[in-house]
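Chemist: Going line by line, the protein sequences match chains U and B. Those letters in the first sequence? Residues 1 to 545, by this note's numbering. Those letters in the second sequence? Residues 1 to 275, by this note's numbering.
Hints are not guaranteed to be accurate.
[Unchecked claim] Taking lysine-lysine and the DSS-like style, the derived pairs with C-alpha atoms no more than 30 Å apart in a straight line are:
id: 1; chain 1: U; residue 1: Lys-461; chain 2: U; residue 2: Lys-71
id: 2; chain 1: U; residue 1: Lys-435; chain 2: B; residue 2: Lys-275
id: 3; chain 1: U; residue 1: Lys-131; chain 2: U; residue 2: Lys-298
id: 4; chain 1: B; residue 1: Lys-274; chain 2: U; residue 2: Lys-402
[What the hints assert, rightly or not] To list a few chain B residues with every Cβ distance to chain U over 12 Å, as calculated:
id: 5; residue: Leu-33
id: 6; residue: Thr-38
id: 7; residue: Lys-184
id: 8; residue: Pro-196
id: 9; residue: Asp-198
id: 10; residue: Arg-201
id: 11; residue: Thr-202
id: 12; residue: Arg-203
id: 13; residue: Ser-204
id: 14; residue: Phe-214
id: 15; residue: Val-220
id: 16; residue: Ser-239
Derived by calculation from the structure, the hints in this document are not laboratory data. Just so you know, even glycine gets a beta-carbon here, dropped at the ideal spot from N, CA and C.
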Amino acid sequence: MVATTKAIGVDGPLFKRALLGSLSWLASNHEEVNRLNVFPVPDGDTGTNMLLTLQSAVEDVKESNAAEVSKIAKLASHGSLMGARGNSGVILSQIFRGFARAVEGRSSLTPAELAAAFEEAANAAYRAVNKPTEGTILTVAREAGRAAATAAAAPDATVPRVIAAAAAGARSAVQKTPSQLQILRDAGVVDAGGFGLQLILEGMLKSVEESDPAFTAIETKKPVVPAAQIALDLPEGGWGYCTEFLIEGNNLDTELIRGQIEALGNSVLVVGEPELVKVHVHTDDPTRVINLANGYGKLLKLNVGDMSTQHRRILETEGGQPVASRPNGVGIVAVVAGRGLVDIFRGLGIDAIIEGGQTMNPSTQDMLNAIESLPYDEVILLPNNGNVVPAAKQVVGLTKKKVHLVETHSVPQGVSAVVAFRPDRSGDDNVRAMKAEADRVQTIEVTHAVRDTRSNGVRVKKGDVIGLINEKLEFAGTDYAEVVKQALGRLGPDSYELVTVYRGEQASDAEMATLESEIRSQYPGLEVEVQQGGQQHYPFILSVE
Amino acid sequence: MTRSFAVVTDSTADLPDEWRTRYGIEVVPLKVLFGKETFRDGVDMTNEQFFSRLATATSLPTTSAPSPGEFAEVYGRLARDHDACVSIHIGGQLSATAEAARVGAASVDGFRVEVIDSQTVSMPVAFLARVAAECDTLDAAVAAVRERVPRTRVLALLDTLRYLEMGGRLSRAQAMIGTMLDLKPLLLVADAEIKPVDRVRTRSRAIPRMLEFFRGDQPVETLAVMHAQARDEAEEIASQLRKELPDMEIPIGQIGCVLGTHTGPRALGLVYLKK
Chain U
1 MVATTKAIGV DGPLFKRALL GSLSWLASNH EEVNRLNVFP VPDGDTGTNM LLTLQSAVED
61 VKESNAAEVS KIAKLASHGS LMGARGNSGV ILSQIFRGFA RAVEGRSSLT PAELAAAFEE
121 AANAAYRAVN KPTEGTILTV AREAGRAAAT AAAAPDATVP RVIAAAAAGA RSAVQKTPSQ
181 LQILRDAGVV DAGGFGLQLI LEGMLKSVEE SDPAFTAIET KKPVVPAAQI ALDLPEGGWG
241 YCTEFLIEGN NLDTELIRGQ IEALGNSVLV VGEPELVKVH VHTDDPTRVI NLANGYGKLL
301 KLNVGDMSTQ HRRILETEGG QPVASRPNGV GIVAVVAGRG LVDIFRGLGI DAIIEGGQTM
361 NPSTQDMLNA IESLPYDEVI LLPNNGNVVP AAKQVVGLTK KKVHLVETHS VPQGVSAVVA
421 FRPDRSGDDN VRAMKAEADR VQTIEVTHAV RDTRSNGVRV KKGDVIGLIN EKLEFAGTDY
481 AEVVKQALGR LGPDSYELVT VYRGEQASDA EMATLESEIR SQYPGLEVEV QQGGQQHYPF
541 ILSVE
Chain B
1 MTRSFAVVTD STADLPDEWR TRYGIEVVPL KVLFGKETFR DGVDMTNEQF FSRLATATSL
61 PTTSAPSPGE FAEVYGRLAR DHDACVSIHI GGQLSATAEA ARVGAASVDG FRVEVIDSQT
121 VSMPVAFLAR VAAECDTLDA AVAAVRERVP RTRVLALLDT LRYLEMGGRL SRAQAMIGTM
181 LDLKPLLLVA DAEIKPVDRV RTRSRAIPRM LEFFRGDQPV ETLAVMHAQA RDEAEEIASQ
241 LRKELPDMEI PIGQIGCVLG THTGPRALGL VYLKK
């Protein structure tokens, strides 16, 4: 460390280092963010989504030697927008965007300018959200900005102090989130997205602190959640590369491998079984790590960059190259997960399917690629999952094509929407009809609670069967059929005529048969149709119409 | 009867019994085959018998056109009292009936038979036969029928595509239903083609769609509501339409055995001649 490189202003290289620092820190802690699972359905992937978004933000930054902070901020803004996943990821991308706008044309930022940029970043995020909710990442961003502004107003303000204040402001805002949101209070957690932002600011602080060793007044507190953490020791020579991969072999000794990897880096995580071991390490010399690991078995490389492409699996429709053959010139793209559901959607005439859904949210870029791949200039996009909607919204402005977002929040809504599509009708007319049909259908989702919690007045224990009606937790029990019957009773079976059951991967033949016969005997007026959905996490998804 | 020429159609015209006697129209039956058992449509088997057997059949029935010999026999019999004949049949895109009629007619010497491919099915064929029966001369009848063929429409709402698909008349993809989901297709038979109009998940949503499409296709010259074992719904649709079109006679017809093999039970249809 060179004491003379005192950080006075935030220039390109410093901001780049700060971003890399936040990436490392978030990478080491994103599992904890995931564990802050507010809702008892298995969608605890806020940490992963934010990490993937941040990785995408940093991707181009890594290659850049720009001296100006504005150029680095612009790359980060563009990258995060392209890789934005999930709600928090999208908001994060808006934070980067606001920051980039605020620093446009600047080569370096004073502490006050940095604080102003933080504040503008938070404002931009608020503006991007339709109905801003307090007690979320938005509040945390705003409080971080305020704290930064206060620190910047002090006569001895420095860049590290401003970042430190922002991180501290974020931390205290995160702690307060349960008092702002009932859902967090009930679940006994802090807001996951807000915590993710706190980690990002802390990571920035660590890297900036490092560049200014004279500055020692900062303490980074451990995250508020009592959970196992990966200790993060600052390496002598910088932050290095976050390297992750799997080793496939025989009689792999995790203890032995861990010992050897630890000699090459830090934040080491080596877990697994004799046949398959997962390795995570921050190292300055990834090549040496990989060479070492190669000696143990077959390497399935899963480095940080690879993770985002892993999700990009765009399935073309049958018959290979799509041909623009619809009289209305309108294509349809849908996000779908589960073998059976993919077939169902494909059979309904979807032009491109993006695999993803509940716990594997596709990025804005994934959706954009699918849209660009079609031979149509007008495209209808169906996210089919509430968690995918935010990223889907981003796509609309990113292409020259006319993109209509039909905000389907579930598989049944998606099916109803596609069924209403007619190739002889204009895009706008189709969108109107598809929205109306999606709104008409009722969705029941049946899954298991992943944690003890209380939601919507229902108390659930980890492992309970829970039933959601239109994304809202309504029933908990021990038995699929029981929960489904209650949910159908709540909807009022007399108002409906058809129940379609999409059977998930986890549901056994016996469970399927029981459910079907129970619905038929309890509600003889309803037609019941069973389809193999093959979706994960939800043993049953029911469409009621 | 003063008319010197005979009018012939086939059983897929779903000609009401009453019209058969009133207009003196000869009906040649197609056949339904349950395994090795053959039934002449509407002769050896009533519509009710057919649908109750269909409901319990382990495998779906198949259908076949009358043979040229059967047509020849009918034409030969008619030649005794008539000097000519117009024979109006189910569309060639759906059945080999018209072709069998042509071949059959060629084997009857000295009797003029005008075979007309109606390009359609069900009661529009009966409408054409009635138009022919009301003409004074064969040439007038042929002209009146030919002029109307392009205006025939069958708007069919199937409860399932299964039967039509099994019968090989329309693939799921052609019906815009390349999926395992049991969608209710709304199909239009026009211009010698079966075209998908819409696809709907539930019956209660499908019926209004059918009416909506029909309203956009008016004005019409003649209209009927068809059904396969769905009389109540057909009555409801008819009474709704009678309110909208007070001056129009709107009969309710039953889908017969052969056509029912391809539509399946609970099919509904609006059939008409456009103006």
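Chemist: Each hint needs a verdict: does it hold in this structure or not?
Modeler: Hint-by-hint comparison with the structure:
1. U:Lys-461 / U:Lys-71: violated (49 Å)
2. U:Lys-435 / B:Lys-275: violated (35 Å)
3. U:Lys-131 / U:Lys-298: violated (49 Å)
4. B:Lys-274 / U:Lys-402: Roughly 38 Å separates the two Cα atoms, so the pair is violated.
5. Leu-33: holds (30 Å)
6. Thr-38: holds (34 Å)
7. Lys-184: The claim is violated: Lys-184 (chain B) sits with its nearest Cβ about 10 Å from chain U, within 12 Å.
8. Pro-196: It is violated; Pro-196 (chain B) is separated from chain U by about 9 Å at its closest Cβ, not greater than 12 Å.
9. Asp-198: Asp-198 (chain B) is in fact no farther than 12 Å from some Cβ atom of chain U, at 7 Å.
10. Arg-201: The assertion about Arg-201 (chain B) is violated, with a minimum of 6 Å to chain U.
11. Thr-202: violated (5 Å)
12. Arg-203: The claim breaks: Arg-203 (chain B) does not keep its Cβ more than 12 Å from every Cβ of chain U (closest is about 7 Å).
13. Ser-204: Contrary to the label, Ser-204 (chain B) does not stay out of reach of chain U, its closest Cβ about 6 Å off (not over 12 Å).
14. Phe-214: holds (16 Å)
15. Val-220: holds (21 Å)
16. Ser-239: holds (22 Å)
In terms of the numbered hints stated before, the structure departs from hints 1, 2, 3, 4, 7, 8, 9, 10, 11, 12, 13, listed from lowest to highest.
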